[in-house]
Amino acid sequence: MIYLLLVGVPLLVGLLALAVDNDERRPWLLPFGFAIHASIVAACWRTLPGPAMDGWLRIDDLGLLVLSLASAMLLVCSVYCLEYLRLRRERRNRLFTACLSFVLAAVSLVAVSHHMGLLWVGMEAATLAIAPLVYFNHNERSLEATWKYLMMGSLGIGLALLGTFFLTLATFPFQGPGDPLLIDTLLSRAGTLSLPWLKGAFIFLLVGYGTKMGLAPLHSWKPDAYGESPGVVGAILAGVITACPFLGILRAFQVCAAAGIAGFAQSILVMIGLLSMATAAVFIIGQRDFKRMLAYSSVEQMGILALGVGLGPAGSFAALLHMINNGLTKGVLFLSAGNIHRAFGGKTMDHAHGALRRAPVSAALFLLGFVAVTGSPPFAPFVSEFSILRAAVNGHRLGVALGFVGLLAVIFIGMATTVLSVVYGLPPSSDSKQSLQGDSPLMIAAPLVFMAVVVFLGLWLPDWLTTVLGGAAKLLNTGAA
Amino acid sequence: MEQFSQLLLAFIVFLSLYLLGSSSLTGCINIMALQGMCLGFLPLTVRAEGFHSRTLLLAAGMFILKGFLIPRILLYAIREVKIRREIEPMIGYAPSLLLGAVLIGVSFVLAERLPVPAGLRTSLLIPVSLATVMMGMLMMISRIKAITQVIGYLVFENGVYLFGLAIAYEVPWLIEMGVLLDVFVAVFVMGIIINHIARAFDSISTEKLTRLND
Amino acid sequence: MTLILAAVLALGAAALLSGLFSRHDPWARSAVIAGLAAAAACAGALAERALAGREVPDLLGPWLLPGAVFHVGIDPLSACFLLLVLIVGCCAGLYGEGYIAASHGHVPSTPARFFFLVLVGSMALLVAARNALLFMVAWETMALSAFGLVSCEHGKPEVRKAGLLYLLCTHVGSLCLLALFALLGSNAGSLEFSAFAAAPPLPAAWTTAAFLLALVGFGMKAGFMPLHIWLQEAHPAAPSHASAAMSGVMIEMGLYGLLRLLALLGPISLEAAFFLVALGLVTAVFGILFAMTQRDFKRLLAYSSIENIGIILTAAGLGCYGLARNNSSLALLGFAAAILHTLNHGLFKSLLFLSAGAVYQAVGTRDIEACGGLQKRMPWTCALTAIGAAAICGLPPLNGFTGEWLIYSWLLRPGAGHGLLLGGLAAAILAVVGAFAVVTFSKCYGLTCLGQPRSATASAAREASWIMLGPMALLAALCVGIGLFPGPAIRIAFTAAGDVARAAGPAAAASSEEWSRLLSVIGLLGVGVCALSALLWLFRKSLLHRREVARGPTWGCGFSAPTARMQYTGSSYPVPLTRVLAAALATREEAHPPVGYWPDKAAYESRTPDPALERWLPALTAKVEGWISVPRRLQYGRLQLYLLYVSAFLVMTLLWKL
Amino acid sequence: METLKLVASDLLMVVFAPPIMLGIIAKTKAAVAGRKGPPVLQPLYDTIKLLGKGAVYSKTTTWMFRLGPVVSLAAVIAAAALVPLARAPLISFNGDAILFVYLFALGRFVTITAALDTGSSFEGMGASREAAFSSFAEPALILAFASLAYRSGGLTLARMFAPYGGPSAAASTVLALGSLFVVLLAENSRIPVDDPNTHLELTMIHEVMVLDHGGPDLAFILHGAELKLALMASLLVRLVMPEMPLVGAVGSLILGLAATAVVIGLVESSMARLRLIRVPQLLVAAICAATFGLLLTLR
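Residue numbers (the numbering used here), protein chains in the order written: chain P, 29 to 509; chain L, 13 to 226; chain Z, 15 to 672; chain V, 76 to 374.
Source of the hints: derived by calculation from the structure; they are not laboratory data. Each hint should be verified, as a subset may be incorrect.
Derived list of chain V stretches under chain Z, where covered just means 3 residues or more per stretch with a C-beta under 8 Å from a C-beta of chain Z [stated by the list, open to error]:
1) 77–89
2) 145–153
3) 288–299
4) 325–332
5) 345–359
Backbone N, C-alpha and C define an ideal beta-carbon position, used for all residues, glycine too.
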């Protein structure tokens, strides 16, 4: 029942949005619909609902984390959208609003599905639902971005499907009750799975979902899509849409760990994690376009997530925490970046400088978000990144630790150069800038909320969250070496 | 029966190679249609379980969809944007053919490392599907025109579908759900995109789509 | 122990209030002053208790972060630095109010107040932190608030440049510290400092790694050569009260970190100790050399901070030598010298920065060549500057001498051993540094305050307000007081050093008494010098009584119309040295000497670039650019390539792993 | 009683020995030049005369200008309290050697700032040179002190300059003597480093700094300079003087000072003034000598 609500409510909201024919009122559907969704999620926190549809739907700690992150972020972003869409009157926002709620529906499906096939379907739906959002600006650049996004996305989805088939074949010869792709079935029969097929499945799922998640070298669509879509869409892409494929990879990892080949999966994850960080470092240095810079930083964060999971139990705990911290911080960054973009009519260092004078709050938030995302205390990402570092050192993997720290340093240098030149200095002498407005209440309220949470989590990790994170990490590492 | 399926599979690989080599768009689309029909026949042959109503339905669906529906859409698309031939691809035809051969080899090597799933009538299915997948990717990589990339993507899908046949029995709905949804959606959305591309750039080539870079 | 929390909270609250009242200046001001006063009261009482040797129980609180405990405690070492933080913080903060008021909006008041209070608060928390995570939180808060201060006036491009450079350096340092604490933590199984102390010794490879990480992490903040590059850029960029706090206290926090680590982890190897001494001497020599050649007096002060850090590091290295030889008296002496000089440097350097700020506001430039003749126009400021300059040269009746004297007595101590030759040479190098300091600060003070004004603004300069002069006077009084009656300061330094040198009990107390007795004799001699000077002054007065005392122009050696432009300039003053030391300094001279019988305009300009900043760093960045430009080509926008990456990666991974 | 005598003798030393030494130097030079020369007590007469005169202060100057002479003289007198003149010094403690060096530094600092206070280009020039050259003299002094301290096992001037009969005593003593003598010449602006009675300001170092001082101030400065010379000379003498009772000690010290003065005079009349750029080389040579002495003591 509750699952039906979780997926159905946003779906309904989306359909309503399609039905309503008034650009002024339509956006107001979102906050209310999403608030209901959020309250349902809150109910899930109180008591985890049991499995439904003979085990196909079930919220475990992993799913709960992703679900809550998505619900919270979309709720705040929908509030931001009220103001944003009011400013973008020249566009019809029917498709935008509808797709936003469809995204939530698809993501909820991914989060609650306890079956690899169903999870894949949800991922597919999410991929499709986000495309119109990326294309919202309807200009050549956004078209190109959407094209690349869809091409890469469909390829990734295809590979993920192939991976799912591999997973099925790993269970052969399959007899008995239940569906072979049920997580529970897979885990319970972990011992009997055929390892070559399982390995193949993991690789295909990693590449397929990794493409959607944006791990290097599968990330190349990211800067374009993030750079050309509206800031709020960027926030959702970087915060929510990356969490779902990560969940998919985690499920595959869960099975591998249960089947006792965690080492194999971890080695690949560490490799791809460091590779992603290195790639991000290379492209962040001297990046003049601050939205593309954020995209690369997101590539880096994905790498950190993969690395964390690759570093064993402690690392996985940190990685899951980092998934949440990164989502919220990216929320701050993309929303404030969007404001700055609007305040200057450009998203490169050449157009935008001296933001602190023209859009003080957004600029300050942008600066703080940058400091936070690069892992400085007292902000939340620091906690998780430090824990990952400790996990690496405790595992006596000094090489990995060294690379991690070094890449963090390089990335910080690259980002700082761009961010500071955007935030500080004198704004360009503006002649026709009255069309470009500075801060407006709702659009700084949303990132402010995110920032508050980031600071809070950086100073105080509530124990209810810790228990869930711990449970999820335990799920990941059952039987892991 | 087994011989027949083997024959079909070999034919499918051959068709993919032919696709790699051919330059005329209509030709490509027709060959794809042909490949789709072969895919339609396969479910009846590869599995030991013989003729279920489900299998029949699946076969018919594939036959119609991949054999007729999608080719129609694609032909409509190229008529819409008025182009016939693929301009010079990124990788020439001969090299891409060679690469295709190499990829077939690779896929057989990989298939060697995987145990043959039980209940499969032919051991050829897995390598062939992998090969088709890879050649589809190769086509997406080596071609300039958006439409040919779509065709490549369809070849890739065919490969995935072939693979799905191996498990069509144990996982009743996945293959239909997955492949149909996937193919349908991908081609549909891309059709729209292509139209947009046509309008935005008055050409269907992705040459123009290289503004966003570092 | 809750007092420290009270202090930190008071400062935080004051910061928030000053931010809230950004519209009502008087309220914000009173908030600042109240916060500082409250913090001083709380933490001062605490420090007094700790230094009096009374046991102060630690304060442990739950803190829901992985591996974190909210654990603050205070021991003499902490108390010593806490005292410094408070004194300098309060003086600079009070001064800052006057400075902001007098700057007529050049200094944005809200960030200048907010970040300053946060800076002081975070430093107070830092010295009390007993858990690595808490330490890092305080450390980074300190670094970031300092960044906020540095980029207060971010309208100016050079300020932005300085801010960026500072941010990059400090973050790299912080990352090294993170790695360091990860190492220690994994060895100790916990992030508690007490656990570090109790942990088994690190594996050999890790020891080296930890040493280097600590050196870079803390040295980046303290400004060891060549990690100093940010320092001389950032300190001039910040408003002067902030520069005072940064140069007087913040960079010392790097040394506090090193000392704290030594106190926790115990002795380091002999080679490491020698390395520290050598590094300290190099830092000192080059710091003062670059200081000598600066034209901007705040840059000059920043470089001299590097020099003093070098001296302190030398002393700390000597202490480490003592530890390594487990000769506790030597260790005690070395660390005590380090801590004492840290205290002294904090005092006179912040005094000098404050007066520099006053001069900057009066003249409107930081260029020594445009100053001069200020002593007639702003007598109080210049008098205090003179005291600071004499103190920083380590001249006897003032506090600067006490620390250096301790170092000398360490180096020239009687006894035999292979270290002695090095000791003598080190002493000689210290002497050179001292002499260069005399050159530098006779230039800084003499050419800025004395002679005739070299510019119109300088001749129009006005004395600073009392709210600015008061704190400066207090600092100067402390400099003189410690110089004449060094007893208490010595005891503080020695009790603090006891923790690091692991020398406690009667022996340590005895040696502390011994040294304080000797220094008190020196102090008395200083009093004697003052008394003697006073007597001679009176003597001269009586002699000149009822004799004609004429006032005329300066004797121009026959030239009848000397002008202010004929005075010696900051560029020409150190030339005898820069010429001799050309190899080390690479001073660029821009000279257009007068030519012909009727020469037209002649000019001379000299500039000494910082090699680390202006040669090595660009070379490094160029190299890195070269490296990354190769993979950069991978992303040039072609979808086919992107697809190729995916497929290639897939096939590779399959062939490799499957 | 003993101490009273000691104080009395020291006081006499501090007040009368310095000018007389200068007189002897002048006499020696005159004698070498075949002139009659001024009376030996001439410097004393000068000082007294100057004390009797009024003063002229530049309008540019401030209190710093008047502080200079006073503090420099006071510093030197304080240094005198540390120096073992005839017997034990008035004040002696472990580490007083460093204080001795730094008291001179204090005197230099105030003299320099006083010179800069006049705003005259010549005095600025002198200040710059004084500051530069002394920064080569100080390490030599410290190194010499270091070797003496190590070999005598104590950082007090009294012990360092007491008679010493350890291994390689002679060599190290000679080296210390040599370096200290060079430092003495440099610190007291004698030829070959500086020419005290040149009349071309451009070539002066110390003298040019005090161009503007007159009357009692000049008297203070002159006496301070003479005293400084006398103190360092007496250190040299103590280095070679055997232990003996007070009277003998006073006598031999006076003789030694006179001898030193003669030597200085001979050096001055036999050598020309070095070019300014060469001065650092001389001092570096002194540093090398001191280092070598240090090596010898440690061997």
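Hint by hint, here is what the structure shows:
| no. | hint | result |
| --- | --- | --- |
| 1 | 77–89 | violated (count 0) |
| 2 | 145–153 | holds (count 7) |
| 3 | 288–299 | holds (count 4) |
| 4 | 325–332 | violated (count 0) |
| 5 | 345–359 | holds (count 3) |
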